[in-house]
Amino acid sequence: MNEIVIKVIIILGILILMLSIAAGLIWLERRLLALWQDRYGPNRVGPFGLLQVAADTIKLILKEDWIPSFVDKPVFVAAPAIVMAAVLMTFAVIPFSPQFFISDMNVGILFFLAMSSLGAYSIVLAGWSSNNKYSLLGALRGSAQMITYEVFMGLSLMGVVILNNTLSLQGIVEAQAKMWNVVPQIVGFVVFLIAGIAETHRLPFDIPEAESELIAGYHSEYSGMKFGMFFVGEYLGITLISALIVTLYFGGWLGFEFLPPFIWFLLKMFVFIDFFILLRASLPRPRYDQLMEYGWKFLLPLVLLNLLITGAIILAS
Amino acid sequence: MLSNIISIWEAFKHMFRKRDTIQYPEEKPYLPPRWRGRIVLTRDPDGGERCVACYLCAVACPVDCISLQATEDGNNRRYPEFFRINFSRCIFCGFCEDACPTYAIQLIPDFEMSEYDRQNLVYEKEDLLISGEGKYHGYNFYRVAGVKITGKEKGESENEEKPVDLKDLIP
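From first to last, the protein sequence lines stand for chains W and P.
All residue numbers for the first sequence refer to this note's numbering, where the first residue is 1 and numbers rise by one.
All residue numbers for the second sequence refer to this note's numbering, where the first residue is 1001 and numbers rise by one.
Hints are computed from structural coordinates only; laboratory data are not their basis.
Virtual Cβ for every residue (Gly too), placed ideally from N, Cα, C.
All the pointers check out, no bait thrown in.
Computed spacing ranges between beta-carbons, pair by pair:
1) W/Leu62 with P/Ser1114: 24 to 30 Å
2) P/Ile1022 with W/Val5: 50 to 56 Å
3) P/Pro1109 with W/Leu12: 54 to 60 Å
4) W/Met105 with P/Ile1005: 35 to 41 Å
5) P/Tyr1024 with W/Pro204: 30 to 36 Å
Can you build the whole structure from these sequences, using the hints too?
If you want it as structure tokens, here you go:
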């Protein structure tokens, strides 16, 4: 009984923490983008413009939630919920600290891959149900991109799995006590980072929603809080990928004594979130065929080679 | 690939640059004296209105935001009976200033003229007239122009010759 109560508190805690981080990222992204573009960004509402988050949320909630007459209504409504649910479910396996986690599944990595594949459904369904050619084009691009990059996202993770001999994320963190995985798995880390950007379709890989070509891609027809759900889903995706990079390659909650493990985790995570935003500030969007070519002809052979060498070394030693 | 990393680094370095933003209400931007902002009507050095109601500004205005009515005072001097500028239409192009033969209408570096009511953007003559001479000092149209007014005959202006007597044989 007592255990269940603690579990529920932890679940609620992680849910609220993740949602508030995702909302806070709206402010963080605008401030950081401004920083890298020689501007200030939102600095009027509250201290350092922090209340901008509240203002944006209130605006989104109060906006008219318009469902166009030509859409497939049930699917149209369900699509934004799927992306949120899929990403939030994945946080169940992330170990934030030795005690603060929801579930230490022994197939943690597989669970993450399965959930991120489910996220692709949200894009396809949103684009399909919108009954709009630009939405459909965005959805097609999005699904092709996600499926492509999932292939070697999974393969790049296999290097870590071979090295640490476990699929559980808590186990992987504990196995990094001597040395972070990023040292032996530097190639796997780079590939996972690139695949992670493509998976969350963030700039420079935001081809499914390329404004200059497709209006807003699969969420062209969405408005109000449904659009907000896609938005929050994207920020949750960034948080998730950053959390996974930290867990798999940078020792998760491991750190020096003077700060608690949870703080170490958050610190490392925010470094990668900032890096994601820096990428948005600096890199242009590649063409769609360039993205696919880059994935299949360069990253896939690279990650296979990485896997081969890692396996050979493990066998030899 | 390397060029991408270089551009990421270049973007990162912008973090330490000076900000380009001017924090407007607290920090005012520098506006040069010829900046085209609010329109004013100026006075000559003697304190009289410079405007002679020639309608050239109203004709030059591309959006027809100036309207006025000419009249004459007791000294044969023309002046506008009313002078009205609709600033909700004005595009601050400065054509009126270019067209004005007497330096009466001038654009000044001021743009803070927002109103809650659109009607309040229609400026009448008493709103437009200022007590000074604006950008051009010491200029008085009636002192240099060969126009006859009370107290000044033809040929009595500055740098003006006496009119030629057409009925006289002597050149």
